[in-house]
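Taken in sequence, the protein lines are chains L and P. Using my numbering, read the first sequence as starting at 1 and increasing by one per residue. Using my numbering, read the second sequence as starting at 1 and increasing by one per residue.
There may be inaccurate statements among the hints.
Claimed, not checked - For lysine-lysine, the following BS3-like pairs were computed, each having C-alpha atoms within a straight-line distance of at most 30 Å:
(1) L:Lys36 - P:Lys153
(2) P:Lys23 - P:Lys123
(3) P:Lys192 - P:Lys153
(4) P:Lys42 - P:Lys232
(5) P:Lys162 - P:Lys252
(6) P:Lys252 - P:Lys265
(7) P:Lys192 - P:Lys123
(8) P:Lys123 - P:Lys20
(9) P:Lys252 - L:Lys36
(10) P:Lys253 - L:Lys36
(11) P:Lys307 - P:Lys162
(12) P:Lys252 - P:Lys153
(13) P:Lys307 - P:Lys153
(14) P:Lys153 - L:Lys47
(15) P:Lys153 - P:Lys253
(16) P:Lys192 - P:Lys162
(17) P:Lys265 - P:Lys223
(18) L:Lys47 - P:Lys252
(19) P:Lys265 - P:Lys153
(20) P:Lys123 - L:Lys10
(21) L:Lys47 - P:Lys253
(22) L:Lys10 - L:Lys29
(23) P:Lys307 - P:Lys265
(24) L:Lys11 - P:Lys123
To be verified - Label-pair restraints from in silico Cβ distances:
(25) L:Glu126 - P:Arg16: 38 to 44 Å
(26) L:Asn135 - P:Lys153: 31 to 37 Å
(27) L:Ala53 - P:Arg364: 40 to 46 Å
(28) P:Pro275 - L:Gly18: 41 to 47 Å
Claimed, not checked - Interface residues of chain P toward chain L, partial, derived using beta-carbon atoms under 10 Å:
(29) Ala137
(30) Met139
(31) Leu146
(32) Ile149
(33) Leu151
(34) Val198
FYI, nobody ran anything at the bench for these hints, they're computed from the structure. A quick note: this is a predicted structure, and the numbers were derived from the prediction, not measured. Every residue gets a Cβ at the ideal spot worked out from N, C-alpha and C, and that includes glycine.
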Amino acid sequence: MQSSQHEPQKKQVLLREGLFHLPTSPDEKPYLIGSKCRVCGNVFFPKRVVCPACISDDTLEEIPLSTTGRINSFALVEVAPPGFVAPYIQALVDLPEGLTIFSLIAGGAAEAEALELGAEVELITEAISVDESGNEVIGYKFRPLGG
Amino acid sequence: MREVAVIGVGMHPFGRFEDKGLKDLGRIAIWDAIRDAGVPPKDIQVAYVGNSLAGLLTGQEGVRGQIVMRDAGFGGIPVINVENACASSSTAFRGAWMEVASGLCDVALAVGVEKMFVGDTAKSIAALAADSDIELARMGLQFTGLYAIGLKKYMNMYGVTKEHFAKVVVKNTYNGSLNPYAQFRTPLTVEKVLRSFVIAEPLTFHMCSSMSDGAAAAILCSKELARRYTDKPLVLVASCALRSGMWQPPGKKFLDHDIVALTAKEAYRQAGVGPEDIDVAEVHDGMAPAELMVYEELGLCGEGEAKFLIDQGRTTITGDIPVNPSGGLAAKGHPVGATGLAQVAEIVWQLRGEAGQRQVAHPRVGLCHNNGGYVDGDAAACSIIILKT
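When you get a sec, could you build the whole thing from the sequences and use the hints?
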């Protein structure tokens, strides 16, 4: 069997619709899409319909979330679930809106070594895994800012 | 509400049993409990059967409880299937307790059974990930890594080290070496635990609970009828508390809104006891280091003081507050849907003075803590059962 000269380009799929805004031009930055409650002021991610603090289904509005945050805590995962490549960093990131979210952090063992609790990080979008059909899954991550 | 006694418990040993299926594991635990209780099988009026993963792992998605019960010889009675991740069988226990406490039934059976070795480790690991929001699993959330994130924060706040975590494993594997039902019977040293491969820093292989096959069962009966069946020391259900996880407000501190602390508070209130009254405890050490956090969540010591408990050996079998004399999840094994009732079995044996080499000195009040699953920043379920003589 001969391999074709031009490998078909890997298809890319979004991790989930409505999770984040994917830039359509180089001037744009990605952002995560959350919800804010008009009554209690709490912010949630991913966006949701019912506010769990008020238990009300008509008080949430969609908002873009801050694109920078700080590392709450993190771990270097050395045994990966299917479709992910170990080692990779998973973390909880504190956003200025007052919520803490789950995210992967760009980089591997060396980056984890240099990472500290409280470090400032910035949102990016990139391929995070490969799905069952071999497609690249585009998701969000944070990357450390500065040195 | 009537007072309820646990008149019999039984287990199928935890471990790897290639030639046994769900029915075999369940049947052996059920009949073990029946013999222990001395109850005529026809007196059992209802069965609650806990299981978490059989649908994905064996294909037995529906009526798992009826499949196990019919094989064990039981038909006709109501069978209720219970799924609550790693807390499935403690939740089944609660159902059986409610049946008897309410007066609906006099004798009820609770069963927990899990078959995790199905010849495909990746399949088992993927099934475990389904005990959380599966949309999060697609983001790369991995349970061990999640535990590691929490532990790193805890270590940072209270000056806890990897050696403290290893000491928990040393204690629990020693206890497991004394338990004929345990999957791992070899005591480990601090060096060996720390030198095993890293799964997610600071967690090493030997700190994590293993896949397992196994089953456990309990027979519950009203206190007034218990003496009709058994001459053994009577073990009563002092409380049976169950909570689900909740939204965690921003800036919360370690023990605020903590599902284990909240469930413990409810369990202590129901039982009319405090943490100082607990003589022996079986706790959910899915990853052994989490046992330290549970000491604090249960109030067995103050916040940040768990490291002193393990350093001073106070939670060993001969210590003043023995924890996980069975070996805990890490040494006994963790067939998820059977774990909660195996904790109940251990505490019943301890309270009756039947725990052999791992017997704690004269306990009168024992506690079982069982967590299950993960949803949106919190455990999906938490059960705390307090038993007393």
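List of violated hint numbers, smallest to largest:
Of the numbered hints given earlier, the structure breaks none, since each of them holds.
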